[in-house]
Amino acid sequence: MEVFAGSPFEVELEKELSLKRQRLDVVILRRQSGQFSGRLPDGLDDLGTHNLLSYKSLRQPLDDWTLDELVGHYVNYRKQVSPSLDALLPRDEFRLYGVSTRFPQGLGSQVNLRRLQPGVYEVAWGARPIRVLVLSDMPEGAQNAVWDLFSGVPTKVTSAVTSQWRKPSDMGTIFDQLLERYELEGITVPYTMDDFRRDYATELLNRMKPEDRLRGLAPADRLQGLAPADRLQGLAPADRLRGLSAKQIESYLTKLKKEQGRGAGEGKQRNKQRKPK
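In this text, residue positions in the sequence shown follow this note's numbering: the first is 69, and each later residue adds one.
By construction, these hints were calculated from the structure, which means they are not laboratory data.
The beta-carbon is built from N, C-alpha and C at its ideal position, and this holds for glycine as well.
Fair warning: there could be bad hints in the mix.
Cut-off 20 Å, straight-line C-alpha distance, at most; resulting in silico cross-link-like pairs (EDC-like, lysine to aspartate or glutamate) [what the hints assert, rightly or not]:
#1 K147 <-> E137
#2 K147 <-> D160
#3 K147 <-> D93
#4 K124 <-> D93
#5 K88 <-> E137
#6 K124 <-> E190
#7 K124 <-> D110
#8 K83 <-> E137
#9 K124 <-> E137
#10 K147 <-> E82
#11 K147 <-> D136
#12 K88 <-> D136
#13 K315 <-> E327
#14 K277 <-> D289
#15 K124 <-> D205
#16 K124 <-> D136
#17 K147 <-> E161
#18 K147 <-> E84
#19 K83 <-> D93
With beta-carbon atoms standing in for the labels, derived distance ranges [what the hints assert, rightly or not]:
#20 R183 <-> G293: 28 to 38 Å
#21 G209 <-> L300: 47 to 57 Å
#22 P76 <-> L157: 37 to 47 Å
#23 G302 <-> I96: 52 to 62 Å
#24 E137 <-> N180: 18 to 28 Å
#25 F77 <-> P207: 49 to 59 Å
#26 I317 <-> M276: 32 to 42 Å
Please build the complete structure, drawing on both the sequences and the hints.
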């Protein structure tokens with residue numbers, strides 16, 4: 069543009085903004101009508117059709133840039149899920165959540181975080197309200213188990229992990245990674261990663277069929293811990309003798325006859341001694 073000719077400014081038209089991949093932490097999407105059975109985690113009582121969550125852990129601040137970025141994700145997401153740019157889905161179908169392990173002190177000093185309930189706040193960000201969920205401040209309760217996992221509070225993490233991993237799910241790997249992350253961040257959790265792996269493996273084995281437990285084990289490993297009589301149980305005589313040479317079988321029979329003869333002789337001697345004189 070001529071107005072900027074000879075100035076320190078450069079004008080670029082139709083700038084491509086999608087070169088860098090952007091990822092939104094969590095989307096909770098309503099797929100069908102109906103009511104949620106049970107109690108939702110605190111702060112999620114006002115879910116819309118599209119719910120966008122941005123999460124910051126213990127070492128990551130939830131600040132003004134986080135909320136700017138969340139609004140940017142919302143704009144891009146709304147464009148993607150709408151029929152067209154001329155027919156955007158209604159804005160009231162969308163909810164924005166900033167989720168933080170710890171209270172965002174920096175953000176709280178810049179804007180008014182209106183407290184709705186323990187651990188749940190709301191901030192006006194431009195023309196949109198954003199809920200701020202502080203996981204370490206959430207009340208304890210079964211409905212908040214998922215929040216407790218990421219609360220950074222050792223007792224809450226322990227309680228949540230030990231209760232959640234017992235439920236049939238594929239959450240084992242997530243719990244493993246979560247406990248490892250806490251170790252890296254220097255948080256001492258009484259229920260350690262080794263405890264979790266041991267308990268989860270035991271629980272998983274208990275759910276498996278016997279044939280599935282044995283799959284992949286070498287024959288020698290399958291027989292470990294079994295007494296000889298247990299190993300032979302259910303085998304036909306021919307199967308028991310398979311693999312032995314005729315000489316070995318004859319040698320064993322000779323030994324067995326001697327032992328049986330010796331036992332019979334000792335029995336007669338005892339009976340003879342018991343007879344009254």
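Comparing the hints with the structure gives:
1. This hinted pair checks out: K147 and E137 have alpha carbons roughly 16 Å apart, not beyond 20 Å.
2. A C-alpha spacing of about 14 Å is found between K147 and D160, which places the hinted pair at or below 20 Å, so the restraint holds.
3. Restraint check for K147 and D93: the C-alpha separation of about 18 Å stays at or below 20 Å, so the hint holds.
4. Restraint check for K124 and D93: the C-alpha separation of about 9 Å stays at or below 20 Å, so the hint holds.
5. For the hint linking K88 to E137, the alpha-carbon distance of about 14 Å falls within 20 Å, and the restraint holds.
6. Pair hint K124 plus E190 holds up; C-alpha atoms about 16 Å apart against a cutoff of 20 Å.
7. Between K124 and D110 the CA atoms are separated by roughly 18 Å; this keeps the pair inside 20 Å, and the hint holds.
8. With a C-alpha separation of about 19 Å, the suggested pair K83 and E137 falls inside the 20 Å cut-off, and the hint holds.
9. Note on K124 and E137: the hinted pairing holds, with a Cα-Cα distance of about 12 Å set against a maximum of 20 Å.
10. Of the pairs offered as hints, the one joining K147 and E82 holds, with about 17 Å between alpha carbons and a cut-off of 20 Å not exceeded.
11. Restraint check: the Cα-Cα separation between K147 and D136 comes to about 17 Å, which is no more than 20 Å; the hinted pair holds.
12. A C-alpha spacing of about 17 Å is found between K88 and D136, which places the hinted pair at or below 20 Å, so the restraint holds.
13. At most 20 Å may separate the alpha-carbon atoms for a hinted pair to count; K315 and E327 meet this at roughly 18 Å.
14. For the proposed pair K277 and D289, the alpha carbon gap of about 18 Å is at most 20 Å, so the pair holds.
15. Of the pairs offered as hints, the one joining K124 and D205 holds, with about 15 Å between alpha carbons and a cut-off of 20 Å not exceeded.
16. Note on K124 and D136: the hinted pairing holds, with a Cα-Cα distance of about 14 Å set against a maximum of 20 Å.
17. As the CA atoms of K147 and E161 are separated by approximately 13 Å, the hinted pair is consistent with the 20 Å bound.
18. At roughly 15 Å between alpha-carbon atoms, K147 and E84 fall within 20 Å of each other, so this suggested pair holds.
19. Restraint check: the Cα-Cα separation between K83 and D93 comes to about 26 Å, which exceeds 20 Å; the hinted pair is violated.
20. Take R183 and G293: their Cβ atoms lie about 59 Å apart, and the range 28 to 38 Å is violated.
21. Judged by the Cβ atoms, the range 47 to 57 Å given for G209 and L300 holds: they are separated by roughly 55 Å.
22. For P76 paired with L157, a C-beta distance near 41 Å keeps the hint of 37 to 47 Å intact.
23. Remark: the range hint 52 to 62 Å for G302 to I96 is upheld by a beta-carbon distance near 53 Å.
24. For the pair E137 and N180, the beta carbons lie near 20 Å from each other, so the given range of 18 to 28 Å is met.
25. Checked against the hint of 49 to 59 Å, the C-beta distance between F77 and P207 comes to roughly 53 Å, which is consistent with it.
26. The beta-carbon spacing between I317 and M276, approximately 39 Å, falls within the hinted interval of 32 to 42 Å.
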